[in-house]
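Listed below, chain by chain, are the residues.
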Amino acid sequence: MVAIMGPSGCGKTTLLNCLSGLDSIDNGDITIQGNKLQDLSDDKLSEFRASNMGFVFQLYNLLPVLTSVENVELPLLVSGFSAKQARKKSEEKLDDVGLLEWKNHLPGELSGGQRQRVTLARSLVNEPAIVWADEPTGNLDSTNEIEIIDLLSDLNKKNQQTFVIVTHSDYVGGRTNRIIKMKDGLIEE
Amino acid sequence: MEEKVFGLPASILANSMLAILIIVFLIILFGAFRRFILVKMGTRNIPRRKGQSILIIIGLMLSSIIIATSLGIGDTIRYSIRTVVFDSLGTADEVIQGPGKQQTGVEYFNYSEFKNVENLVSNNSNIDAIVPFIEVKLPAENDKAGFAESNVEVRGLDGDYSDSFGMIKNIEGEVLSINSLKPNQVYINELTSSDLKLKKGDSIGIYPDLEKVEFEVLDIVKNGGLAGASTNPSILFELEDLQKLLKKENKITNIAISNKGDEVDSLELSDDVTKFLRSNLTNKEVAKDFFDILSSNEIPSLIREEALNIEERDKETFEELNKIANYLDSNNFDIDFITSIGDYQIQLIILGILQNAGLQEEAFNLLVLSGDLTTLRVEESKNQGVKLAENVASGVTNIFSIFGSFSIMVGMLLIFLVFVLLAAARSTELGMARAVGLKRRDLIQLFTYEGTVYSFLAAMVGTAIGIGLSFGLVYILQDLVDTGNFSITPYYSLTSTIIAFSSGLILTFITVFISAYRASNLNIVVAIRGLKEEFVKKAPETLKIKLFNFFWDLIFPVKQLIRIFTGNGGRVKNFLLLIVFPISWPINILMSLFKLSGKHSYALLGVFSILLVFLGFQTETFANFALGLTGGALTLGLFIRYLTTIFIKDSETVNQIAGTFEGGLVLLINNLPFDTFDSITGEWTQPGPWFWPLGGGINTAAAVWLVMSNTKLLIGILNLILSRFSGLKAVTKTAISYPMASKFRTGLTVAMFSLIIYTLMIFSVLNGVQDISTDQPERITGGYDIKGTISPEKPIKGDIKDALNMNDFSVVAGSSTLRVEVKEIDGENKTFKSSRLISLEEQFINSNQWRLSYFDPKYGSNDKEIWQSLIDDSNLVLASGSIIPSGDPFGPPDRSFKTSLIKSGDSKEIESIKIEMKKRRGSEAGSGLIVIGIIENLAGGTGFGGGGATFYASESLVPELAGEKIPMDTYYFTLKNDNNASDYSQKLEKIFLANGMNAESLLDNIKEQRETSNAFNKLFQGFSGLGLVVGIAAIGVLSVRAVVERRQSVGVLRAIGFRASMIRTQFLIESSFITLIGIVIGILLGVMQSYLIFQEISKELEGAQFTVPIGEVGILILITVIASILASVIPANEASKIYPAEALRYE
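Protein chains in written order, with my numbering: chain R, 1 to 189; chain P, 1 to 1147.
One chain only, chain P, in its complex shape:
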């Protein structure tokens, strides 16, 4: 499967980035060779100011570090999961299993089926080897040493085939044969040997049913492949011996298929082999009947319609349905059709389509046919494992890069700030250069050369650090997840290195280029004289010229061709602009429209915003709608600016009023409760997680704009407060006034801090909200102490209580599980989807403390009464929270049943939902049931209803639906003294060893989960906090620059009596002041945003409390302020050492 990064194929991304990079470098090289003097002028400052250069490179590195880290974590996780997949499957690429009709337990099929498959594949050149085997989980123990394992993987291999399938070696490396095993002998793998403390020749006890049978360990085999994964303890039998032991003569559970070639080649063949097997294991006549039924009655177009409906939720099924419709339309009955229709979920969907369209007869025929369609299922095991690795890895990469994108933004702001300062520092020099004949584009080149060197060094160092950091983080992750034997192997692919290096470099480079362009726009006279106004104001163009330009830009490519032809404005430049016309054309039209609208350019923005909102309605996407609204708010602000300029002449007052409205309105519109527009946009596509950094960026920019527009007010307030401290008056006055006078650079720095603090605040606050498990653990555990699961094939005979000392327990309650299919009767989801039904003992219903997030008041006025009504009426069921669509952007698509009648955020009292439920793959009609309530998602935390749709009913429903008695498989225990839950769970495992019981202390589980999630949060916070380093670097750069710029002022201050220490204090106050504004804005925005998120969470999480973790915030402020003070200590000291006479002489 193709690796993906940020949703794009990795190799294509890497190649195109590399190509862009090479083109950019070629252009730069071309320019450099033409005028090498510019390269010299541009780069001479790098070695001259080493300290400054290093500071700049550190700042520029950040985007490379973050991208490299995100990719590295993804790579390592992908590689590690793949390793596990290859380790557990060995040479097996595909696995064939029974048809999946069995209700519970392992499904066996006849050995003769294997013979058929063997015949089938004997002529297929893609297949290397096959082996039939039995795979079951059984309890095993080492009686002598007193060690036991409730779930050991026991495999019975057919020795005639297994030897040629993949080698089984003992730990000395000698090849072993399954055929060497005598009936009372087994091989065990290394893990079983170490878990049960068994050596060669020891005796191992195995429980095929409730009676133990002893075997001799003939040898210890290496983990992996047929010998079982290194994560599972396993035991190997000769097939016939195991068949006898399990009383399953002539039966097997699996056939493993190995494709030709090495790991990679065999994986590539997997698609073909699977198709071959599926089509040949499908009854072609039945498939043809299927085809004929589906070709009639406009069914293909119905299938297409349904495909469109589910496109967003499930891309894979969408494609599969479309393919089927295409085959039907083109009357093309071939292997591909057979393979597609062989998928059971697809059959269910098509059945649903027919039933919904009222084609009952066709539906019935299909249902009957589907039972005979396939005899065996073919799983693309290795390919699916690799796909899983890919999904998890790209999910992790996405999460890290989304959290990192805040820091990337901050990094880009720093680059911009650095270049603004560099330009300011060199304005006299550059002005002189312009005066003696350098053109504006020469200045751009000059800066670009310098920037290229910085970016190149930064990207190299950044990528290297990022790779290292990713390995470090992965190790921490591994510790957190407590993965048992899942070992994480650091890995970094060349593709990722290229992507990290090029994307970091390209991002830096774009920012450098924009800054260079900005710097080149200087006015020569202003620059030479070192005056404040840095930029040229061109004489305004007349309306006639503007109109003329606009019409020219409408036919931009023609204009460029004419320009190239006449040589007007540089042929190379015009040619380049023509090449990129898909980008340059609209930009040019926009720019001339902007010029044309002049003072009324807000109207232009208004039009675009309305268009965006309209587009939102058209495509039903919330992102467009939200961006349009933000644009609208800004338009209103700009309109107010226009109005203010008419009535007020003082530009500062105009800026204050207009800036307040512009920033304020954008803030307002972005901080409305999330459900404000729900009545309009409720059903629309919600924006992906990438919208979050964008929203954060907009919020921060608006807030900083608002604050920086009101510096006058801020200075007034601060002076009022600080004038009380007479000792600091003179110092603070100057310390505050300077940064407030350079609004642009102060604003940039403030924005960096606020953006990062904003993210960290959201983390801190939400971390506190989610921590409901400490206060009300019973909402997760249901009030039980231990959960025990057993193998349904080895049920506990009689009443479980007879085997227990009931003086220790207050509750022991059991449940049984049945795999079912469910669809809505009234809602939109009328296709049967897989689900689980759990029947609960009466005592279970009476004793559990799980809460309901929704219920129908007709059946009771509180949770307790609703639970009770399950006992009274066996047609009533409760559902898990997972039947409500969640839209989790990171998880894999959940294909189990979802309801269309309840949305998260609905009020607690709902109307009950009618559903139809039937046993899995059952051809009889389903039973009508009523869902009267939904259990809150928290209950899923201990596996109760976790993962996929689950329904809960009274004891009688499961046997009723299954048509047979289904044994209990899960027990919940409440101890009278819950302090010894962990000890007791071990005790239970021992008592019920023969039943293969796995028991766990639920409170211990919660504790572990809480610790893990806290640690995860800290890790993400740390990762997001990387941006703070940049903010602090920015403060350092600013301070260095301030000292240089203000030498004379320092001289004056010293002359009128400022002591050296006062100068130092002034600089330190200045930097902490900037930092503090950033922190305050960040905290306020963060609290506001997390409150909005909290409101959403609290809809589903009753009793959640909103608290701001004051301690954590305090530490955050303290660390940040101290760090920024430290960053400015050296420059501040420099300033304080300036000798007054020298400073006054300095120009």
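Just chain R, with the same shape it has in the complex:
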């Protein structure tokens, strides 16, 4: 687990977006699993994201018109899983984050913590090597924050997945294995 920390506007989210291939870079190299992201076409990059990466954002970013389980299974459907398989795997992931009984609820019917857990389930459902999380606890109270970070640590240990977390929270930073500090667009330490 790696945390990226620093004051507002220092470039944390931009770094995360570049690393995850959501944004393009002007120069330099980003290599993940031997793939140079800047050399991949837009479609290839989309496929790469679909099968190797997961995302968690501060504003939950669930599709409001789909139920929890439908939100979770979306990346699998994109990757070409059958509807049945996708549903099964999504329910497992929802179970992992403790929300199986809420699977047929729309995001609007869930609390903030619950929504973030659905997002987490979605980011993990395709068993990605890396999960990128941008302020995953930014909108949560401290109880929910602890719950989410506990969940992230458990998954990190259990599934051997890398978590790159952009955060303002010292508590979150403290729970990671490494903290990258940024200032004015540069990595300080």
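One or more of the hints may lead you astray.
Unchecked claim - Partner residues aside, some chain P positions facing chain R, computed with beta carbon under 10 Å:
| no. | residue |
| --- | --- |
| 1 | Ala464 |
| 2 | Thr734 |
| 3 | Tyr738 |
| 4 | Met740 |
| 5 | Ile1056 |
To be verified - Taking lysine-lysine and the DSS-like style, the derived pairs with C-alpha atoms no more than 30 Å apart in a straight line are:
| no. | chain 1 | residue 1 | chain 2 | residue 2 |
| --- | --- | --- | --- | --- |
| 6 | R | Lys84 | P | Lys712 |
| 7 | R | Lys103 | P | Lys712 |
| 8 | P | Lys1137 | R | Lys44 |
What the hints assert, rightly or not - Label pairs and their in silico Cβ distance ranges:
| no. | chain 1 | residue 1 | chain 2 | residue 2 | range |
| --- | --- | --- | --- | --- | --- |
| 9 | P | Thr428 | R | Lys88 | 36 to 46 Å |
| 10 | R | Gly138 | P | Gly51 | 32 to 42 Å |
| 11 | R | Gly138 | P | Gly598 | 43 to 53 Å |
| 12 | R | Asp43 | P | Gly51 | 27 to 37 Å |
| 13 | R | Lys88 | P | Met591 | 52 to 62 Å |
| 14 | P | Ile648 | R | Gly138 | 30 to 40 Å |
| 15 | R | Asp43 | P | Gly598 | 55 to 65 Å |
| 16 | R | Lys88 | P | Lys1137 | 29 to 39 Å |
| 17 | P | His600 | R | Lys158 | 53 to 63 Å |
It should be emphasised that the hints constitute simulated quantities derived from the structure, not laboratory data.
Quick caveat, the model's predicted, so the values are computed rather than measured.
Glycine is no exception: its CB is placed at the ideal position from the N, C-alpha and C atoms.
Starting from the known structure of chain R, arrange chain P on it as the hints suggest.
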């Protein structure tokens, strides 16, 4: 005659609309000057988002376009017919003719009558000039060139009068005098010259009887006026020469009267002049005797009673009868009475009233007197022509605006949708504005200013496009109708421009205002935070407050006065509400009643529905009854909603169940067979054609409500189907879920498509049903190939077959016609009404294949046997389908005989009808006859029984009734080889040129009619389809909005692996999905409704088949879906280009 639009006088309509518009604009200007900042805030978005503004204006234009087009077509047709009327009548305003007592042919009267009229009018300052003349139709030919015309209008003018009546000019423009004609010379008009290829100095052959006489063409005169209309070939004679030629010395057929002043002024004098002439040409002593008879024995009240009976069918006669009753009551024997009683149809009606009341002696005296009442008839020819122009024009305007009203509704839905979306897009901005102190009414103003600019631009552009479109459509119409020389001149009146512009603007404006009001109701916090719940839920009022408000609203004007006095709630607003109290009072009472009833407001609707049904019974109007039933169905649905809320807590399930019942029940009640309530409402007033768009609107709204209440089910089904296509799964899931989540805007868009597709479907299906002429043409032609009509004055001598090579024909059969008067013996219609009696040769009866739609089984078990029984018993007759009242809302009132004993839709086997028939204007008693069957309306398609009541009998009946032998005037021919019917009809015209035969190939006629009606249908479909443009614009607007609203979601989808192309596909599927729901609902409703209409048609049209034109429907679906996909391609592309990181940052 006053021009009318939508049944209202055009100038009043235009002025009041203009007045409303000016008031509205003054109010807006007043508000704008007070707070100009709101104008700035409201209108700044227009230039900023040019694309969106243009899209909105295109959508808003539609109502103006449709209204302007409908009015423009009416204007042009009115103008063109008027032009023809003025062209054919020239300076003549009124025409005097014989008394109309003659059985057949042209009626002559003595020249001395003209002298009397001349004396009479010499002191009348309204009359400018008069001219006596003879007008007959004769065959003419150019022997040398081999050209002939069977019906040329031949006029003999008295040169002493014609020169001062209206100028006759030759084509070089020189004025000619009739007196310059020598006995062997004639003038011909341009049309005769071109038809017969004749020049000045050529010889023209004319057939006054069966022998041809040659004349020299002295000059070629310009069409118009005395020289004959540009639509008729005509020949001009000096009166005496023509009298000699026709052996009618000292006789004339017409006297033309010209009023003082120009075209318009002289028309205004027409009423007075006609009255003057009628009263002076009526025998006043006889009229006084009439008056005295009618004043006795409660007759005036009997007349009033009869007037009421016919009020609905014939407004004009109703007024005339009432006038007569008034004169009688007030013992006022004056010119007006004499004029009214001079009308022959009125005399017949009064005679009927007397006979029905058992006043036989009075009736007999009246009958004797009526023969001497008038010597000559005065026709208000020009005025009537202008009236005809008016009727046709307003009929056409009505048809177009009814078909267009579907598109207008769709246009209004679009305006509403646009403003809902605009409000949603700006909710944060507006919330901020409210937070910093803007009041709710400021927001209304803000939106209204913006909307005003859109509406104004849209109304201007729309009216201009509509005017252009109307000209285009008129040209197409002209091509279709094949009007020969009837030229259509594009014309648009200022009144129509004002009506089109103001009504389009007012309609748009009302919708804008309602949308603005809706948008202003936002909750500040909800708006700023961009949350979903857009509207405020106020704390509920207590029962005490509700009751208090209700009682206050009962005395609304007092409440407003007190409010104005105390300044509570804005003086200006309260003052405005007080001014419009006839509207605001009932609305306020209703609203507080609605609040008072709370959860049980369905009961309120229930009460109103029952009241409507009750009103229906009271006034015997079907429209009230039907609307009441619809209200009742909705009440039941709402009651079920109330019950469901008690037992089920989940609001979504409640909405699903209740919505299904609400929509379903309303649909059910509106799609019952038309005759469901016939036993109750059979005799009631049927709703006018305006009910049709209303019904369409209700049907569509109910269906959309039903479908949108069941989105859960729909998503389930679609997911089940689409999950089979693994490649599309992720895309379709999101594509379907988004529109289903925004039910309101999706519902609006779906409604637009369904409404238009619904109309187009009805057109397509019914077009197919009517096309019986392809499969069974003999039901129209009777199995004959050619129909030939001749002038009854020049009958074919001897047997027609002697003049023909009978090897070419299998049947040649003739008939003769007599104008008669008919009344029922047992039914309600006991007043003699004009009709025609046609006597048929035996061979005709044996050979024709026309079918009967009703017959009395006592006289035969099938059509053939019924026809046969006419031969066996000359007291038996068949009647045309036009004796059954049809209630055609567009046609002029049909004053010929109607039966009260058969209604359309009755079973085929009927009991025969006893009638009494006498020759026209005959004073002897009529003969009792029995109608044993009715020929189906299709037979009228070739003129057999078309237009007015017609009876058919064996050969002997006509001479029996007429008291003289009436020559044959119509022949039907069946060729052994029917391929050359068109050639043979020309041949027949040549053979019987001297008899003035007009022959036409019946199959060619049907073909032409079919082509015309198909083209008409396509034209109307195209016009109705204009609404599709709006639907497609709506899809465009929705897609643009969706892309803006869902940038973040697009970012998320891209982050989790959606490719750019998947995003594009998702948006495209979304728009075609909405379109498809609309199309499916429209098709189902359309098929259902047209099936109901078909059931009605098939009652009268035996053998009609119901088929859905799959090909046409397929094309319709394809075009619509492709167009809506095209409309969303640009926004969908925009969406696919969104860069994920950028989208996620965007808020």
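Requested in this report: Could you check the hint for me, namely that His600 (chain P) and Lys158 (chain R) are 53 to 63 Å apart, CB to CB?
Outcome: holds, 58 Å
Query raised in the report: Should the hint that Tyr738 (chain P) touches chain R count as held when the rule is a Cβ pair under 10 Å?
Result: holds, 5 Å
Requested in this report: Have a go at the Thr734 (chain P) hint: is there a Cβ in chain R nearer than 10 Å to its own Cβ?
Outcome: Cβ of Thr734 (chain P) sits 6 Å from chain R, so the hint holds.
Requested in this report: Determine whether the Cβ-Cβ distance between Thr428 (chain P) and Lys88 (chain R) falls within the hinted range of 36 to 46 Å.
Outcome: Roughly 41 Å apart at Cβ, these two residues keep to the hinted range, so it holds.
Query - 52 to 62 Å as the expected CB spacing between Met591 (chain P) and Lys88 (chain R), which holds or is violated - result: Cβ of Lys88 (chain R) to Cβ of Met591 (chain P): about 55 Å, so the range 52 to 62 Å holds.
Query raised in the report: Within 30 to 40 Å or not, the Cβ separation of Ile648 (chain P) and Gly138 (chain R)?
Result: Distance hint for Ile648 (chain P), Gly138 (chain R) holds at roughly 38 Å.
Requested in this report: May I ask you to test the interface hint for Met740 (chain P) with respect to chain R, counting a Cβ-Cβ separation under 10 Å as satisfied?
Outcome: holds, 7 Å
Query raised in the report: Lys84 (chain R) and Lys712 (chain P): Cα distance at most 30 Å?
Result: Since the Cα atoms of Lys84 (chain R) and Lys712 (chain P) sit roughly 20 Å apart, the hinted pair holds (cutoff 30 Å).
Query raised in the report: Lying within 32 to 42 Å: is that true of the beta-carbon distance Gly138 (chain R) to Gly51 (chain P)?
Result: holds, 36 Å
Query raised in the report: Under the criterion that the straight-line Cα-Cα distance not exceed 30 Å, is the pair Lys103 (chain R), Lys712 (chain P) satisfied?
Result: The given pair, whose Cα atoms are some 16 Å apart, holds under the 30 Å limit.
Query raised in the report: Would you say the C-beta atoms of Gly138 (chain R) and Gly598 (chain P) sit inside 43 to 53 Å of each other?
Result: Holds - the Cβ-Cβ distance for Gly138 (chain R) and Gly598 (chain P), about 44 Å, lies within 43 to 53 Å.
Query raised in the report: Is it true that the C-beta distance of Lys88 (chain R) to Lys1137 (chain P) lies inside 29 to 39 Å, as the hint says?
Result: Check passed, 35 Å falls within 29 to 39 Å.
Comparing the model with each numbered hint stated earlier shows that hint 1 is the single one that does not hold.
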